[in-house]
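> If you read the sequences in order, they're chains E and Y.
Position one of the first sequence corresponds to residue 850 (the working numbering), numbered consecutively onward.
Position one of the second sequence corresponds to residue 114 (the working numbering), numbered consecutively onward.
To be clear, the hints were calculated from the coordinates, so they are not data collected in a lab.
A virtual CB, placed ideally from N, CA and C, is assigned to each residue, including glycine.
A portion of the hints provided could be inaccurate.
Capping the alpha-carbon separation at 25 Å, the derived lysine-lysine pairs in BS3-like fashion look like this [what the hints assert, rightly or not]:
hint	chain 1	residue 1	chain 2	residue 2
1	E	LYS886	E	LYS954
2	E	LYS954	Y	LYS170
3	E	LYS905	E	LYS886
4	Y	LYS124	Y	LYS170
5	E	LYS905	E	LYS917
6	E	LYS891	Y	LYS124
Computed footprint of chain E on chain Y; a stretch qualifies when at least three of its residues, placed anywhere within it, have a C-beta under 8 Å from a C-beta of chain E [stated by the list, open to error]:
hint	stretch
7	131-139
8	174-180
Under 7 Å between C-beta atoms, here's a sample of chain E residues computed to sit facing chain Y [said to hold, decoys possible]:
hint	residue
9	GLU888
10	GLY892
11	PRO893
12	PHE895
13	ALA949
14	LEU950
15	PHE952
16	LYS954
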Amino acid sequence: GESVGLHLPTLSVQEGDNSIINCAYSNSASDYFIWYKQESGKGPQFIIDIRSNMDKRQGQRVTVLLNKTVKHLSLQIAATQPGDSAVYFCAEIPNQAGTALIFGKGTTLSVSS
Amino acid sequence: DAGITQSPRHKVTETGTPVTLRCHQTENHRYMYWYRQDPGHGLRLIHYSYGVKDTDKGEVSDGYSVSRSKTEDFLLTLESATSSQTSVYFCAISEREGSTDTQYFGPGTRLTVL
Chain E
850 GESVGLHLPT
860 LSVQEGDNSI
870 INCAYSNSAS
880 DYFIWYKQES
890 GKGPQFIIDI
900 RSNMDKRQGQ
910 RVTVLLNKTV
920 KHLSLQIAAT
930 QPGDSAVYFC
940 AEIPNQAGTA
950 LIFGKGTTLS
960 VSS
Chain Y
114 DAGITQSPRH
124 KVTETGTPVT
134 LRCHQTENHR
144 YMYWYRQDPG
154 HGLRLIHYSY
164 GVKDTDKGEV
174 SDGYSVSRSK
184 TEDFLLTLES
194 ATSSQTSVYF
204 CAISEREGST
214 DTQYFGPGTR
224 LTVL
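Using the sequences provided together with the hints, build the complete structure.
Put into structure tokens, the structure is as follows:
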């Protein structure tokens, strides 16, 4: 079936390093992608999004890259901080009416100081 | 949490009992969604609503029903709770449909069915 997956279930980095979290998607009809951050005991929090007509989008300390050729999405976090420790999900929405988000299973980012 | 509240935040119930979870939004968004989150499965859509009294099924709708009598409230009912419905339930909202808009999530309800 159609799914969004993540390459690594866990990622451990040192404070101040740059983090890269990867995601592969399989539905070529998806035209909208979102990264969410989820801290323990909380709901997913929107970080950044990107549409399929873009390759790159930057936010505050975060950058999302989209490679449609290989169906790959990545989230880059600059100068990672302990407060960035959380589970990160990528999600896609196919270009179909009435379709909700399709989530990957998540990558747990651990930042040590 | 984007003006979204969920109640209760925690509930323990017994197999066979009905349970209703409530999602309330103050954003006046048209679209509302119910997801469940389980280890190894990520978030999966149960039901969604595209307006008052307008609802549709998601990926894992069996055993669940929903109602939306007001824009701000979306109720999820487990008609006869089973242990397989032990999960964390999240409500989400969006202003527009599907691929045109971001979904924002509430804080979640942790449900345990004994």
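> Does each hint hold? Answer for all of them.
Structure-based check of all given hints:
no. : hint                  : result
1   : E:LYS886 <-> E:LYS954 : holds, 12 Å
2   : E:LYS954 <-> Y:LYS170 : holds, 22 Å
3   : E:LYS905 <-> E:LYS886 : holds, 19 Å
4   : Y:LYS124 <-> Y:LYS170 : holds, 24 Å
5   : E:LYS905 <-> E:LYS917 : holds, 11 Å
6   : E:LYS891 <-> Y:LYS124 : holds, 16 Å
7   : 131-139               : violated (count 0)
8   : 174-180               : violated (count 0)
9   : GLU888                : violated, 11 Å
10  : GLY892                : holds, 4 Å
11  : PRO893                : holds, 5 Å
12  : PHE895                : holds, 6 Å
13  : ALA949                : holds, 4 Å
14  : LEU950                : holds, 6 Å
15  : PHE952                : holds, 4 Å
16  : LYS954                : holds, 5 Å
In this structure, the earlier hints numbered 7, 8, 9 are contradicted, and the remaining ones agree with it.
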